Amino acid sequence: MNEHEKQSIDHIKDIMERSSTFISLSGLSGVVSGILAIIGVFVLYTTFDSLFLTEEMLLSLERERTFLKNLSIVFITIFLLSVIFAFIMSYVKAKRTKDSIFNSSSKRFAFNLFIPVLAAVFVIISLIQNQTFWLIIPATLIFYGLALLSAGRYSRPEILHLGIGCLLSGILSMYFVEFSFILWGIGFGILNILTGISMYIKYDRKVK
Amino acid sequence: MKDIISQINKIFENKVRLGIMSALMVNEKIDFKELKSLLDITDGNLSSNASVLEKEKYIKIKKKFVGKKTSTIYSATDAGKIAFKEHLSALEKIIRNIQ
Numbered sequence: 001m002n003e004h005e006k007q008s009i010d011h012i013k014d015i016m017e018r019s020s021t022f023i024s025l026s027g028l029s030g031v032v033s034g035i036l037a038i039i040g041v042f043v044l045y046t047t048f049d050s051l052f053l054t055e056e057m058l059l060s061l062e063r064e065r066t067f068l069k070n071l072s073i074v075f076i077t078i079f080l081l082s083v084i085f086a087f088i089m090s091y092v093k094a095k096r097t098k099d100s101i102f103n104s105s106s107k108r109f110a111f112n113l114f115i116p117v118l119a120a121v122f123v124i125i126s127l128i129q130n131q132t133f134w135l136i137i138p139a140t141l142i143f144y145g146l147a148l149l150s151a152g153r154y155s156r157p158e159i160l161h162l163g164i165g166c167l168l169s170g171i172l173s174m175y176f177v178e179f180s181f182i183l184w185g186i187g188f189g190i191l192n193i194l195t196g197i198s199m200y201i202k203y204d205r206k207v208k
Numbered sequence: 209m210k211d212i213i214s215q216i217n218k219i220f221e222n223k224v225r226l227g228i229m230s231a232l233m234v235n236e237k238i239d240f241k242e243l244k245s246l247l248d249i250t251d252g253n254l255s256s257n258a259s260v261l262e263k264e265k266y267i268k269i270k271k272k273f274v275g276k277k278t279s280t281i282y283s284a285t286d287a288g289k290i291a292f293k294e295h296l297s298a299l300e301k302i303i304r305n306i307q
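Those sequence lines, one after another, are chains A and B.
Position 77 of the first sequence, counted from 1, bears residue number 77 in my numbering, the numbering being contiguous throughout.
Position 2 of the second sequence, counted from 1, bears residue number 210 in my numbering, the numbering being contiguous throughout.
Fair warning: there could be bad hints in the mix.
[Stated by the list, open to error] No more than 25 Å apart at the CA atoms, straight line, and that leaves these computed lysine to any residue pairs for SDA-like:
hint	chain 1	residue 1	chain 2	residue 2
1	B	293	B	279
2	A	98	B	290
3	A	6	B	224
[Unchecked claim] From the structure, some residues in chain B lie toward chain A, with a derived Cβ separation under 10 Å:
hint	residue
4	218
5	219
6	220
7	227
8	239
9	241
10	250
11	251
12	260
13	263
14	274
15	290
16	292
Because the hints were derived from the structure by calculation, they are not lab data.
Values in this document were obtained by computation on a predicted structure and should not be read as measured data.
Glycine included, every Cβ here is placed at the ideal spot set by N, Cα and C.
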């Protein structure tokens, strides 16, 4: 008797969760994008030969167009690779659990993530055109944080925590510009990896 | 105790109907295809149980034409939501009483 009611409640919870959350989002894809971001910081480090952003480095970006061009290519590649990995790995995970990656919660998640990211693209283009290079790192962190906060409602709570972490790193990097690279590495790199691992342990491992 | 058991809604005793209502409590509307894959049941099973809920006026069923295909959209009515909440609290009471 009691068992039957418990099963009903569990069934209700399961259906409610699966129908309102984008559960197929792969934790490991977060780890992959975190690693890619750290590679990005490494590229910055080797390009400028320093982990601390200085006035002089910003001026060198204005002088040498190839610098800017190469860095843009590197970071656009990192961004695209992260998106592609997230998609493929979530797709594989959904296949394994027999869920669909194209359900209403994943669409809501993608839409709410995409809008702030699209706004970020315009902001970054404008910052580059106006040679306000120091604001690019804070802008990417802040917009990524806001995007995760808006999309996180349709996925796991860990996404919201990651969003808050990136938002804070972004705000800090506006006031402590010399630590921009490190804060970028913490937000996009370390926090992404930690969130990915904790999501993998909590949700993905059980699936296997 | 007898009083609580009488609050259990017979309509929701069926697992598929319970699933349909649960999904519609957290989603304003869901289409046939998604509901079917969510509950992992056959077309016939979903349609027949959905029409039971519709007869009770717990859910609304709308058919739309998307090109040449029809698409069926489900949503919960206010009466359905209230009935489901009552059922849920009855379930919780039973579990708590026995423990």
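Taking the hints in turn, this is what the structure says about them:
For the suggested pair residue 293 of chain B and residue 279 of chain B, the alpha carbons sit about 28 Å apart, so the restraint of at most 25 Å is broken. Distance check on the hinted pair: residue 98 of chain A and residue 290 of chain B sit about 32 Å apart at the alpha-carbon level, beyond 25 Å; violated. Only pairs whose Cα atoms come within 25 Å are accepted, and residue 6 of chain A paired with residue 224 of chain B is accepted, the gap being roughly 16 Å. Hint status for residue 218 of chain B: violated, given a least beta-carbon distance of 13 Å to chain A, over 10 Å.
Because the closest C-beta pair between residue 219 of chain B and chain A is about 13 Å apart, greater than 10 Å, the hint is violated. Given hint, residue 220 of chain B at the interface with chain A, holds; its Cβ is 8 Å from that chain's nearest Cβ, closer than 10 Å. Restraint check, residue 227 of chain B versus chain A: the minimum CB separation of about 5 Å is within 10 Å; hint holds. A least Cβ separation of about 8 Å between residue 239 of chain B and chain A falls short of the 10 Å threshold, and the interface hint therefore holds.
Checking residue 241 of chain B against chain A: minimum C-beta separation of about 9 Å stays under 10 Å; hint holds. At a threshold of 10 Å, the smallest CB-CB gap from residue 250 of chain B to chain A is about 15 Å, leaving the interface hint violated. For the restraint placing residue 251 of chain B at the interface with chain A, the shortest Cβ-Cβ distance is roughly 16 Å, beyond the 10 Å limit, so the hint is violated. A cut of 10 Å between beta carbons decides the hint on residue 260 of chain B: the least distance to chain A is about 17 Å, and the hint is violated.
Proximity of residue 263 of chain B to chain A is violated relative to the hint, the smallest CB-CB distance being about 21 Å (cut-off 10 Å). Given hint, residue 274 of chain B at the interface with chain A, is violated; its Cβ is 15 Å from that chain's nearest Cβ, farther than 10 Å. The beta carbon of residue 290 of chain B is not positioned within 10 Å of any beta carbon in chain A (closest approach about 16 Å), and the interface hint is therefore violated. About 9 Å separates the beta-carbon of residue 292 of chain B from the nearest beta-carbon of chain A, less than 10 Å, and the hint is met.
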